[in-house]
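Mind docking these for me? Both chains are given alone in their own frames, and the hints should help you get the complex.
Spelled out, the chains give:
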Amino acid sequence: MAAPALRLGPRRFGRVNWRGCLNLLRRQFKSGFADLHYTILGPVVSNALYLLLFVIASTSLTRLDPQALIAFIAPGLICFAIAERAFEASGANLIFEKHHNTHTDWLMAPLTATERAACFALSSTLGGVTVGAAVALMTLAFSWPSLAHPGALIFFALATGMMHGLIGTLLGIWALKWDQYTALHTFVLLPLAFLSGVFAPIDKMPELAQHLIRLNPIFYLIDGFRYGMSGAASADPLLSALVALGMNLALFLWVHRWFRSGYRLKS
Amino acid sequence: MITSTTSTLGPRRYRAFNWVGLQTLYAKEVRRFVSVATQTVLAPMVTTLLFLAVFVLALGHAVDRVGDVAYMSFLAPGLIMMAITQNAFANTSSSILISKIQGNIVDLLMPPLSPLERTIGMAGGGLTRGLIVGVATWVAMLPFVPMSAAHPFYILFHAVAASLMMSLIGVVAGIWAEKFDHMAAITNFVVTPAAFLSGAFYSAQRLPEFWQGVAHANPLFYMIDGFRYGFIGHADGSLGAGIAVMLGANALLLWLTHRLFAVGYRLKA
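For the protein sequence lines, the chains are A and B, in the order given. Here this note's numbering is used: the first residue of the first sequence is 872, the next is one more, and so on. Here this note's numbering is used: the first residue of the second sequence is 2, the next is one more, and so on.
Simulated from the structure, these hints should not be mistaken for lab results. There could be a bad hint or two in this list.
Unchecked claim - Straight-line C-alpha distance at most 20 Å; calculated EDC-like pairs for lysine to aspartate or glutamate:
1. K269(B) <-> D108(B)
2. K901(A) <-> D976(A)
3. K1137(A) <-> E968(A)
4. K101(B) <-> E179(B)
5. K901(A) <-> D182(B)
6. K180(B) <-> D906(A)
Bear in mind that the values here come from a model prediction, so they are computed numbers and not experimental data.
Same shape as in the complex, but just chain B (with noise of 0.2 Å):
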């Protein structure tokens, strides 16, 4: 009996794809922050209603429509973009950061995974959380803003690909900080404004040239654009360019991933 346990032990012994250990790391991911479903979930439901409240109580009266929309329905699916963002991003890089801080970023790389397997299990969980939060704000707005369906294509599109590129960014973010002050630097000084200023708010239409230049360089105008055509069906960039934007970025953010969890940097030092 003991020959054969110890012949079990050896290469790691998998098909192509260790699809237990993946489901694992997956499941470990959603369950940190289901279980805290208040602070991942709700308050972020809160957060972006208040703010649909501000810009409603401060600009609705003196705005009719945009395009051919109220500013209700305008405001809302980029709210909505928005939260998902920063949720996705946020449950990446926290959760790096934090294993990193705590010492136990080792469940993470003792495991027989590959970096593959570890780049798609970290990404799922942010993906799940912006999904979650997408869907949670969309209802809590329901009662108060008329949405329609123009698109379903592109609303489902846009949402899977925002939440996976800045869950991604996520985790490069939580492997490239060292404390908690990094981390609150990135958030303040790039996510933050990347995504106030992204076209959430307002139309790029009608901005004037610069700042039309500086929207149209920002990855974020082009998911929350493309988010908004699905409602509304009206956009103010290329749909196309929209897609294509979105499709690259991922591409290259899921190398880099890959690469970084195969290097080990800043992980195994």
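The following block holds chain A by itself, in its conformation from the complex (with noise of 0.2 Å):
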């Protein structure tokens, strides 16, 4: 009885702890998930009345192509997918965690603030991409898509969930109420998104417009996006990957930081 008592001590993994890792992940992922017709259901939904919508309104009013103009919405309806999903997987998350002090569970555990944050950046990433893969499918429905380059495409799908994730996280974390969290993603991320591009090509826009949208960081995503499936692109593509790669460098090493020192958490 003596013996096990005396493996009680410091901490004993690898570099990693791996276990604990995949235990947060799953956590992570699943409590995303439990009501699959609210998390995956409804933007399938609602992006479909979009879709719709934009091939009704174009066909009344207009004498563009809708396949066209299918075509340059839908990379961009998925993007919006991914990241409202990555973004609320994350941040809505931790406000409930720390409304109801569930987040003690990981704080808990035995993971370091580089795991805690790969773990968030990569549960949010999955939630975003498995809600932007039904979107996707969803879209068949109202044209075949090509699929230029498919590295692309699959790069920028994981770049704007991790993205959004992170962002998700350092919202979380801050916001103490969910006044504060609602309104930072009405005013601040949702006009971002809109603005991005998403809805027209900003070739057409006027010069001011344009420079504008190019400091909006989303809009490199969308268009790196989009890029992936028609092969055509306003900005150059390497441009695009360089600014998720950055922004996602950077949101991680914040997001490290706010764990480690247990800002808003450990208080």
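Here is the structure:
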């Protein structure tokens, strides 16, 4: 009986606590998909409505080719679905956990800040990409998509999910109330996403608008993702990839810092 | 003294109508959304402006005019109406559902209010939110969209009728729903599709026949069409039919809501 007590002591894992990571990852991923019809069917239905709406509006009002319009808008909507889900998976979840004090589950577990940050980034990326895949399947009902550069497509899908997952994590750590969370979502993130060239090529916009949109990191994610599908891009895909990598790295370091210091988590 | 206070207890003693009670319920419903005005008024204002920007960006360069007005002027009334309907619905449905889940629904059920007073008080809160959001989105659009008021009566009538109709539907949905999931399902699969496919974004006249039929079967089509007529002086459907549909739908919903409150369906289990 004395032997097990002796086994207690400082953490004894290899360099990385793989088992702990896997558990946290599974826990975070599952929490978002408890209600499938809410997490998956909701975005699928609302995005199908957006597409239907654009087809009806363009055929009734313009001579635009609806197929070309869909080919342009669909990648943006898929990206948007990935982003919204990844953001919610980490952000809304964190605030909920803070209010119910369940975040102690992973604060107490023997995980390093790096492991925690990686698990949060990865679980929300996976959640976002799962919803994105469902929305992508739905768009098949409207048009057969092209697949110009599958590698770029996968890269930008993951980068979109991870960036929004990390932003959601930061916001979830920082926000004390739901009001703050929804306010930042409605007044900052949603405008940035909507005004990123999802719905129209920026080449046709006034010069000032073009310059402003080029300051918006989400523009590069969506443009890169669209490049992966249609092969056409408004920005250099390499630049888009660099922006995506840089943003993700910076956000990851920020999340890591907050997890390490315990800012608003261990107070 | 003691006997006199006990003698004041007893059956309800108001005239035909409990004005104080009604006023209190109405004030509670209004304060509930005013205290979080950023989420309940400012947020819909911003999202409506975003919708305007998106449609103008995506289609504006290809559409000169709809009928004889610019696309923006055509779009704006539909967007204002969408904001009105969604917020009127959200106000009553969330109020009742949250009260049910938190247990403070007794605050609505215990006071000496008749079913009619409950109906009017609840619907009045939603109506007020719908109208305030409508005015807010209208003001927000003024700098971007040239808007006139060709027939103010139609603007006013449809704003009030639509707001009332959606807040009554919200009451019914709130009474029916037992979980937040139920409400999310109603919003995602009924209210939003009905609003999107109502002709807010396009002219129903130029649709293929099938989609015209769909539009005409949707009560939201009539409120948006009539409301837009008030601004631009052009309607896709019949104006008389629009008024009749709105009056009929509201009468039916008032009766249904009153009935649900009277019976206590899913409220007094």
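Which of the listed hints are not met by the structure? none
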